[in-house]
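K.L.:
Given these sequences and hints, build the entire structure.
Protein chains in written order, with our numbering: chain W, 626 to 1042; chain V, 11 to 162.
What the hints contain is simulated information worked out from the structure, not anything from laboratory work. The beta carbon of each residue, even a glycine, is placed where N, CA and C say it ideally should be. Warning: the hint list may mix true and false statements.
[Claimed, not checked] Computed far set for chain V versus chain W, every beta-carbon distance over 10 angstroms:
| id | residue |
| --- | --- |
| 1 | Ser12 |
| 2 | Lys27 |
| 3 | Arg93 |
| 4 | Glu101 |
| 5 | Ala105 |
| 6 | Pro114 |
| 7 | Ala118 |
[What the hints assert, rightly or not] Subject to a maximum C-alpha distance of 20 angstroms in a straight line, what follows is the list of computed SDA-like cross-link-like pairs (lysine to any residue):
| id | chain 1 | residue 1 | chain 2 | residue 2 |
| --- | --- | --- | --- | --- |
| 8 | V | Lys27 | W | Lys658 |
| 9 | V | Lys89 | V | Glu36 |
| 10 | W | Lys953 | W | Asp1028 |
| 11 | V | Lys27 | W | Arg1038 |
| 12 | W | Lys658 | V | Ala16 |
| 13 | W | Lys658 | V | Val14 |
| 14 | V | Lys91 | V | Gly71 |
| 15 | W | Lys658 | V | Ser12 |
| 16 | V | Lys58 | V | His152 |
| 17 | V | Lys27 | W | Lys953 |
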Amino acid sequence: MAASALEKPPAPYDVERVRGDFPILSRTVRNGKKLVYLDNAATSQKPQCVIDAISRYYSQDNANVHRGVHYLSQRATDLYEEARHKINGFLGTVVGCETIFTRGATEAINLVANGFGKGFVNAGDEVLISHMEHHSNIVPWQMLCEARGATLRVIPINDDGELIMEEFDRLLNGRTKMVAVTHVSNALGTVNPVAEICRKAREAGAKVLIDGAQSAPHMPIDMKAIGADFFVAAGHKMCGPTGVGVLYGRAELLDRMPPWQGGGDMILSVTFEKTVYAHIPARFEAGTPPIAEVIGLGEAADYLTKLGMDKVAAHEHDLMVYGTGQLKQVPGVTIIGNAKEKAGAISFTMDCAHPHDIGQLLDDEGVAIRAGHHCAQPVMQRYGLAATARASFGLYNTRAEIDALIAGLHRVREMFA
Amino acid sequence: MSDVRAMYEQVILDHNKNPRNYGRMEAPDRIVDGFNPLCGDTLKVYLKFDGDTVADVKFEGHGCAISKSSASLMTTSVKGKTRAEAQALFEAFHAMLKSDHTAPVDEAALGKLRVFAGVREFPVRVKCATLPWHALASGLIHDLPEETVTTE
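P.N.:
Below is the structure:
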């Protein structure tokens, strides 16, 4: 019998079934308008299984982790550590890498800026970021450079919103200790060549942090192929709860970094003379962690894995291509960011209306987008703009929802043009 | 008509499209930069006084329809008024926008500025409407040649 006859054909991506997993998508807003949620770069909606996992934890398993001898404490600890295992798997399980749970992607970057900064960055050293970073991948490095007498350098971007890699090559040098770059730009949608960045940085002797807040929800993440020293993600942007983030990093490096928050759970022994710190991951998880949120995030990772991130990526790519094409046909619309590779978000302006007015009128139609600087003011400055409108897709969005967006933009034109 | 469509009154749309007193002023007595850090909107208000009277007022900058039309209507409302009258208008305008959206509007005090009453239904937009007025108010009371005010 031929092997192919035994293999099931790959199940097609059934977006309507996926939508059924997200209870919020069936609600209406603004006097009965169907919700069209296109603000996924800000936060994603949550599937019922994640909501249930959190609820089940509080109603059945709630206890503090890691210290108790009683049944529930063991149970909560098991669930918490199981979630760590799930996240390791979601990110590609690299030998020698470990997941640290934080309160968010922002805290994960701050953890590295503090820990790695105190351990490895000195006066005269350089930290290299890019012009398209979210404020959360700018300000911690600025603070670090100021504290350590180091210099912050910025990889410029071209008019299409792509990193100018020749400039990256030129800026990277023996003094570069850290390269911190986003995987996908929240303001432009650009997908950056992170594997190339990591390879070149490694050759130059620099470490790399990849901000995966906008990539982890949209594409398969293979940490082995990326080759980063640190990768951060935001739980709430990948169908998980708020209040939890992930730092995935090389254990060998993390174990040499000084802890940044002191407290319970991160120690081996404490006397008034000397404290011996625990090894990772406990070393960086001081205090009671966001247990329910971590368990919820583990459930989200399972959910995404079951859907298949390659299928999610293909579905969203279709939305990106369709959405870009449709937007370009609306008179007066300019797309900001035309990188060859994009994911997640389309930023745009209209000649007749300010982004806030666009957002307000779309909201009146039930279409949720974001208007503003998207916590990426340097990007706005690069294009001479104060704000853009941004439609950002998720795994449950449909072409019909893009049509609703486009119809809304025509109504904006009717009012303002 | 929805609340949003009601908010974008014809007068607001007209002043957004054709803002009055828009542009740089030569040799102003005061320049106040207004900045809304939430949205990044910026505008400049120029003032020229003749004794106690607002002899001329102009504005320029980037903003949404609400902030731009508010600035435009503000200039037409305060030109020729005394500082005290302009200040009173600011206070009445501010009080209206801070009031509940069902509260009656003091039409006598506000005149055409009452078209902004619909903004009260959308709290995040109130700061758009008050930004130019905060800049004006600062220019009325302070003697600095140039300063910056923010909505935060």
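K.L.:
Now, for every hint given, state plainly whether the structure supports it.
P.N.:
Verification of the hints:
1. At roughly 5 angstroms, the least C-beta separation between Ser12 (chain V) and chain W is not larger than 10 angstroms, which violates its mark as non-interface.
2. Once the 10 angstroms rule is applied to beta carbons, Lys27 (chain V) is inconsistent with being away from chain W; the minimum gap is 8 angstroms.
3. Distance check on Arg93 (chain V): its Cβ is at least 31 angstroms (rounded) from any Cβ of chain W, clearing the 10 angstroms threshold; non-interface status holds.
4. Every Cβ of chain W is farther than 10 angstroms from the Cβ of Glu101 (chain V); the closest lies at roughly 26 angstroms, confirming the non-interface assignment.
5. Against chain W, the non-interface label of Ala105 (chain V) holds: every CB pair exceeds 10 angstroms, the least being about 23 angstroms.
6. Under the 10 angstroms C-beta cut-off, the non-interface status given to Pro114 (chain V) relative to chain W holds; the minimum distance is some 24 angstroms.
7. Listed as outside the interface, Ala118 (chain V) is consistent with that label: its C-beta sits roughly 30 angstroms from the nearest C-beta of chain W, beyond the 10 angstroms cut-off.
8. Between Lys27 (chain V) and Lys658 (chain W) the alpha-carbon distance is near 29 angstroms, which puts this suggested pair outside the 20 angstroms criterion.
9. With a C-alpha separation of about 16 angstroms, the suggested pairing of Lys89 (chain V) with Glu36 (chain V) holds against the 20 angstroms cut-off.
10. In summary, the hint linking Lys953 (chain W) to Asp1028 (chain W) is supported, as the alpha carbons are separated by about 13 angstroms, within the 20 angstroms threshold.
11. Pair hint Lys27 (chain V) plus Arg1038 (chain W) holds up; C-alpha atoms about 12 angstroms apart against a cutoff of 20 angstroms.
12. For the proposed pair Lys658 (chain W) and Ala16 (chain V), the alpha carbon gap of about 17 angstroms is at most 20 angstroms, so the pair holds.
13. A C-alpha spacing of about 14 angstroms is found between Lys658 (chain W) and Val14 (chain V), which places the hinted pair at or below 20 angstroms, so the restraint holds.
14. A threshold of 20 angstroms between alpha carbons decides the hint, and for Lys91 (chain V) with Gly71 (chain V) the separation of about 23 angstroms lies outside it, so the pair is violated.
15. Taking the CA atoms of Lys658 (chain W) and Ser12 (chain V), the gap is near 12 angstroms; set against the 20 angstroms cutoff, the hint holds.
16. Between Lys58 (chain V) and His152 (chain V), the direct Cα distance comes to roughly 13 angstroms. Compliance with the 20 angstroms bound is thereby established for this hinted pair.
17. The suggested pairing of Lys27 (chain V) with Lys953 (chain W) is violated, with an alpha-carbon distance near 24 angstroms, which exceeds 20 angstroms.
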